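Using the sequences and the hints, build the whole thing.
Line by line, the protein sequences give chains V and F.
Residues in the first sequence are numbered from 8 upward in steps of one, following this note's numbering.
Residues in the second sequence are numbered from 11 upward in steps of one, following this note's numbering.
Mixed in with the good hints, there may be bad ones.
[As the list claims (entries may be wrong)] Result set (DSSO-like, lysine-lysine): computed pairs, CA atoms no more than 30 Å apart in a straight line: (1) 143/F with 167/F; (2) 65/F with 288/V; (3) 217/F with 167/F; (4) 65/F with 116/V; (5) 143/F with 217/F; (6) 289/V with 65/F; (7) 139/V with 48/V; (8) 126/F with 217/F; (9) 194/F with 143/F; (10) 126/F with 167/F; (11) 126/F with 116/V; (12) 217/F with 194/F.
FYI, nobody ran anything at the bench for these hints, they're computed from the structure.
If you're wondering where the values come from, they're calculated on a predicted model, not measured in any experiment.
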Amino acid sequence: MYNTISELLSLAEARGVGMWEIVLENEIKLNEESAETVFEKLDQRYEVMLNSASRALERGLPAVGGLITGFASAQNRFAEAGGGITGPFINLVMARALSCGEVNASMGKICAFPTAGACGILPAVLITAGEKYSMDRRTILEAMLTASGLGAVITRNATVSGAEGGCQAECGAAAAMAAAAAVQMAGGSCRTAINAFCFALMNCMGLVCDPIAGLVQMPCALRNASQAVNALISADMALAGITSVIPADEVLEAMFHTGRSLPAALKETAMGGLAATPAGKKIQADIFGL
Amino acid sequence: MDISVFEVAGPVMIGPSSSHTAGAARLARIAARIAAEPFHHVSFGLHGSFARTYKGHGTDRALLAGALGMREDDERLADSFDIAAERGVGYDFHEMDLDGFHENSVEMVFALDSGKPFSVTGSSLGGGRIAVKRINGFNLDFTAHVPTLVIEQRDEKGVISEITGVLANHGINIGTMRVSRTAKGETACCVIELDAEVSEDIVARIKGLNHVITAIAVHPEA
Chain V
8 MYNTISELLS
18 LAEARGVGMW
28 EIVLENEIKL
38 NEESAETVFE
48 KLDQRYEVML
58 NSASRALERG
68 LPAVGGLITG
78 FASAQNRFAE
88 AGGGITGPFI
98 NLVMARALSC
108 GEVNASMGKI
118 CAFPTAGACG
128 ILPAVLITAG
138 EKYSMDRRTI
148 LEAMLTASGL
158 GAVITRNATV
168 SGAEGGCQAE
178 CGAAAAMAAA
188 AAVQMAGGSC
198 RTAINAFCFA
208 LMNCMGLVCD
218 PIAGLVQMPC
228 ALRNASQAVN
238 ALISADMALA
248 GITSVIPADE
258 VLEAMFHTGR
268 SLPAALKETA
278 MGGLAATPAG
288 KKIQADIFGL
Chain F
11 MDISVFEVAG
21 PVMIGPSSSH
31 TAGAARLARI
41 AARIAAEPFH
51 HVSFGLHGSF
61 ARTYKGHGTD
71 RALLAGALGM
81 REDDERLADS
91 FDIAAERGVG
101 YDFHEMDLDG
111 FHENSVEMVF
121 ALDSGKPFSV
131 TGSSLGGGRI
141 AVKRINGFNL
151 DFTAHVPTLV
161 IEQRDEKGVI
171 SEITGVLANH
181 GINIGTMRVS
191 RTAKGETACC
201 VIELDAEVSE
211 DIVARIKGLN
221 HVITAIAVHP
231 EA
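Okay, here's the thing in structure tokens:
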């Protein structure tokens, strides 16, 4: 079977099937489950994603500190009014990612994908691209399988932990997974999907994890919105025919080593980056009285 | 590939943190499951990152919710303080130093209605995974991600073979097994990780063995 991205791609290309089919076969073997059960479980998670991507669109959700309360509804209103410079599509993608962030911060129900801190990227991309192409649920779940299969390779060969690899490992990994899924949804080839995967990671290589006051709010919510957009533009660059000069497994390894090289202050300790600014420290003191 | 897509697309959980919220709820739920008795107060001693950041991540609400039996994807989790008050369960949180323990660790002391002392210390390892490290002073290490039997017995010859005999007779394979005791000849605690779930009937048989004090089955999804 496969343990690397090139192995997954080779298997799919050799058999002339989508990567999701290889991932599905592996899952069936791994858990001794039927394809039907795998799709049922994906569907349950997708339902949670749909809810978290819409729950904060109309009104803000309260959370400790309230650093992002109301962001999603503001972005959604802006999207509905035409969406400024980037238009309604991109603005709705961002609104949905922000909504997931607000739901997560307010102790609501989310699907960690691959982590709770990055839980807005896959929903924003899958739901909004699914709407754009008027896709049925099953086709969206197939894209979700490809994203999850690639995420498993990232988990195995690198990391999806912010404490270990910074934000590039959480939101960046989610963006790479979502970029490949978006290419699949747009009808691109497996190879094109892997190029998009590479671009998304390249676009945020070195991104640090610096949550203000240690809360999963700022800049986490913004990073969910911007990495969802990163996924989409990476998909479009790949679909335009641009190719990666670095193989995907090497891009992944570079992300992992970059994460390892980052100082601890920039890996979820709230001791560097935005968290260490005077304003960031004041917010922490105001909330926790430290 | 030995990593399931559902480890990537999941868990479904209450935010904001898989380690500080979901893992905390799970740990306390497993602890209450092992207690297996009604209690009227639970005291949480928070160590390391749990002690420093618990308010921002709702670790306190999550721990209490878990102790009250709520799962990590239960949307009532954020209301656990109110639910505890309704049920007449008291609680407190304090910082403590659990030297040598993982950054996200907690000592949970339950005041059981029966008056028996009961405490569990464990860690939240990230991604919602947990480890139970100590029960009533017995040092252990298990994750409760597979069916697990937790047995307290008198430290007598032959007890362990009788316990494993019951499991063998019912065709249940043992994955790992660990015995811990406070002093020779006193009480001991035995944790057995199994390949399959055990029925209440089998648990009752083990409980009925000579020198066995208590036996609890902890199933991952229970």
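Against the structure, the hints come out as follows:
no. : hint             : result
1   : 143/F with 167/F : holds (25 Å)
2   : 65/F with 288/V  : holds (16 Å)
3   : 217/F with 167/F : holds (17 Å)
4   : 65/F with 116/V  : holds (18 Å)
5   : 143/F with 217/F : holds (23 Å)
6   : 289/V with 65/F  : holds (17 Å)
7   : 139/V with 48/V  : holds (24 Å)
8   : 126/F with 217/F : holds (18 Å)
9   : 194/F with 143/F : holds (21 Å)
10  : 126/F with 167/F : holds (26 Å)
11  : 126/F with 116/V : violated (36 Å)
12  : 217/F with 194/F : holds (21 Å)
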